[in-house]
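There are 2 protein chains.
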Amino acid sequence: MPTQFDPPSGTRDFLAAEVEKRERAFAVIRSVFSRYGFEPLQTPAFERLDVLLGKYGEEGDKLIFKILRRGEHEASGEADLALRYDMTVPLARVAAAYGSQLPTPYKRYAMGPVWRADRPGRGRFREFVQCDLDTLGSTSVLADAEVICAVHDTLAGLGVADFRILLNSRHVLAGLLEAFGVPGELGPGVLITLDKLDKLSPAEVAAELTERGLASSTAEDLVSAMTAPDADERIRAALKPSEEGAAGLEEVDQVLSLVTAQIPAGRIEFTPRMVRGLSYYTGPIWEVVADGVPGSISSGGRYDHLIEQLGGPDVPGTGGSLGIERILLLLPEGVPAGRPGRLDVAVTILGQEFAARAFAFAAAARRAGLRSSVYMGSSGKLGRQLKWASDQGARWALIYGRQEEEAGVVTVRDMDSGAQAVVPAGELADYLAGQAGAAPPPGAAG
Amino acid sequence: MPTQFDPPSGTRDFLAAEVEKRERAFAVIRSVFSRYGFEPLQTPAFERLDVLLGKYGEEGDKLIFKILRRGEHEASGEADLALRYDMTVPLARVAAAYGSQLPTPYKRYAMGPVWRADRPGRGRFREFVQCDLDTLGSTSVLADAEVICAVHDTLAGLGVADFRILLNSRHVLAGLLEAFGVPGELGPGVLITLDKLDKLSPAEVAAELTERGLASSTAEDLVSAMTAPDADERIRAALKPSEEGAAGLEEVDQVLSLVTAQIPAGRIEFTPRMVRGLSYYTGPIWEVVADGVPGSISSGGRYDHLIEQLGGPDVPGTGGSLGIERILLLLPEGVPAGRPGRLDVAVTILGQEFAARAFAFAAAARRAGLRSSVYMGSSGKLGRQLKWASDQGARWALIYGRQEEEAGVVTVRDMDSGAQAVVPAGELADYLAGQAGAAPPPGAAG
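Sequences listed follow chains A and B, in order.
If you count by my numbering, then the first sequence holds residues 1 to 446, one letter each, in order.
If you count by my numbering, then the second sequence holds residues 1 to 446, one letter each, in order.
Only chain A is shown next, with the shape it has when bound in the complex (with noise of 0.2 Å):
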């Protein structure tokens, strides 16, 4: 492919058969969101840059695609707006506009492009789809359990094969800082380190934590609780004495047992080390995590501030993120939805006198819930047009010429057996509709 017809660096063209799959797995998606009440959200692809810029941190901000003033102003090189980023800020924004428009407590999902400045890399793109579901409104527990079955179901329905959901808490974290004597102006750094546990050793983790100026036998003491084959316990028994350790305790406990009748056992479980690096986490967290894929393909938390701070008003808010490019690349290639191949039934036309009939074949044919079309190449021989049949992926070929139109009949020759049918010409759509029916062709949905 010539360099200066490929799409920008970090994007993509998506031809047929990806984008089908793309969207039957979008299709999925939505249908369980939806089945939990969630609602969908679109917002524009560009906000006004004053309500993305400073909300990313310094590095996000640079990351950011900016548009170029219009008209009279472009000279000036200035930008008044930019793509959108993710899908929060303008949750936020939307929180603050509609406000009592909206219901109580205000469930909605957003799935859609956003742009990122990023260096391009193998799985890592310019515009990608995220896909966020979010629960404003509701300080319950309920809501954060609800959002992990929904991502759990979500994950299950898409085919997803082995994963596992972490579960922690802020307060757990919190908790543990204070159990541990870790003072609190290390707390943070201490926090951004333990979260390097699932790629560091435990032995650099503590020696990174000593760095950040941790009492080396608190370090130790600190990875080894949190790495022990019996980490689940030591964990719950130091976090007892404190007041937010044991209130985050609870936390979990509450999540894991409300989410049992819906998650398989040993699907869930409670991950003392997982430290979600966002700071506006405020109380349950989360990720899901599956084979053979560094780090997460969806994670997620409670951000009882986020919201208020994005520029919107002073609303609890819970949700999560489906990577969603990550996760399609985990789907099996196999079992397309549809019959591989464009069409179900091919028109031949044996001389323009028949292309008129051709059409309304065609037209039973898609009558029948088809996929179908009339040949438009320039040869007027039938091995031609039944090469191109074959190419369409065809399920039949319809053959008329002279000798069908005297007899009033059409020919429909089975493109996998070559076995030929003689149909009276009006009864074609039902003969169709029979034959699809008696062995479906899935494409016959699209």
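It should be emphasised that the hints constitute simulated quantities derived from the structure, not laboratory data.
The model shown is predicted, which means the values in this text are computed figures rather than measured ones.
Just so you know, same-sequence chains aren't split out, so a pair can sit in one copy or run between any two.
Lysine to any residue pairs mimicking SDA-like chemistry, simulated, CA-CA at most 25 Å apart:
| # | residue 1 | residue 2 |
| --- | --- | --- |
| 1 | Lys-62 | Leu-49 |
| 2 | Lys-62 | Ala-79 |
| 3 | Lys-55 | Phe-14 |
| 4 | Lys-21 | Gly-99 |
| 5 | Lys-55 | Glu-325 |
| 6 | Lys-21 | Glu-39 |
| 7 | Lys-62 | Pro-8 |
| 8 | Lys-381 | Asp-391 |
| 9 | Lys-381 | Leu-102 |
| 10 | Lys-381 | Asp-416 |
| 11 | Lys-62 | Gly-112 |
| 12 | Lys-55 | Asp-6 |
| 13 | Lys-196 | Gly-184 |
| 14 | Lys-62 | Arg-48 |
| 15 | Lys-21 | Gly-112 |
| 16 | Lys-62 | Asp-80 |
| 17 | Lys-381 | Gly-393 |
| 18 | Lys-381 | Thr-139 |
Got chain A sorted already, so can you dock chain B onto it with the hints?
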């Protein structure tokens, strides 16, 4: 709504009901296009600036949203990318990039937002959905007729009540200029003025033609032939002596004959006064008008050199575009595909000790294909919770307190009638599925 929370000028936020209405329409469109064997194509939201610049004329270039360079280049005030302005230039790029990987002919549809920095106004947006279908690589009038049939079926499938397809050909127009002796150099201007016959009176059009330099007798002959009650016959007679005119007539009649199986008589008519303004059309041209809507709701035609002009390969093409934002305004608000409201089953919680059971009941309802969620507010009062269920548009509320727990049942309240049924807890999913099946709540499809 305070201005600072509005979406950017010319763009819109879509809350749930609007998203659902739009998505239902998009699903109809995709389904019809797919039955005709058109396949989806998705390209990025932005292209390299040089791919877009110079493709839409000087006025068009001014309406392109340009994206500022990033990082160290941001200060230059220069743009290197630009938001998609239509679906045709990306199609030309894709045809150049993927060439032989694409089927022949390449029948594709593209549906998604495009962005134009137009002055926003009633029904005119800066972000709006464009929906195109095109066949590249066929010179056959079959391809033109197929596009028109697909557009017809789409509009019928969407429920657009009264629409008519106006059909003409660029060759007919050239033949007309020849037949009426319009000097060659006046041709393009004369066509632009004739295009106004749907807005201006015949006298006004004749006057404008004269201003353009046409002899006033010629101007009057031309306008009178095109607006006479027997215009069809008069134009056909006038065209016969012109070779190009006769060829155009033949083309129009071929399309009319091909579509008879699909399009009811009277819904498509030869309209010699119809002149699509765009200069790139080379063969059949058409537009769809609907009662009570100014302008067209869909239009298209053959453009055998456009793809090459836009930077693609030299392939013939024909296609059309649905004015989807206008069409959406035409569609009846009623007949929502789902029960209005967010939930089918609202689960009350009469005390935190019942929360896990409530979650399990909601899960059972979802297994029955119903939209379901639990109460997440702070009130423990049944009345308040039933009010919430009602606000959600729920069909049933589930009630489970001490009494139900002891009896191993759950109370199912019909929110319309107030009638209550007592159902064994283990049979809830079956019971709800049966109730939903008995009087299907379309929301279940959600």
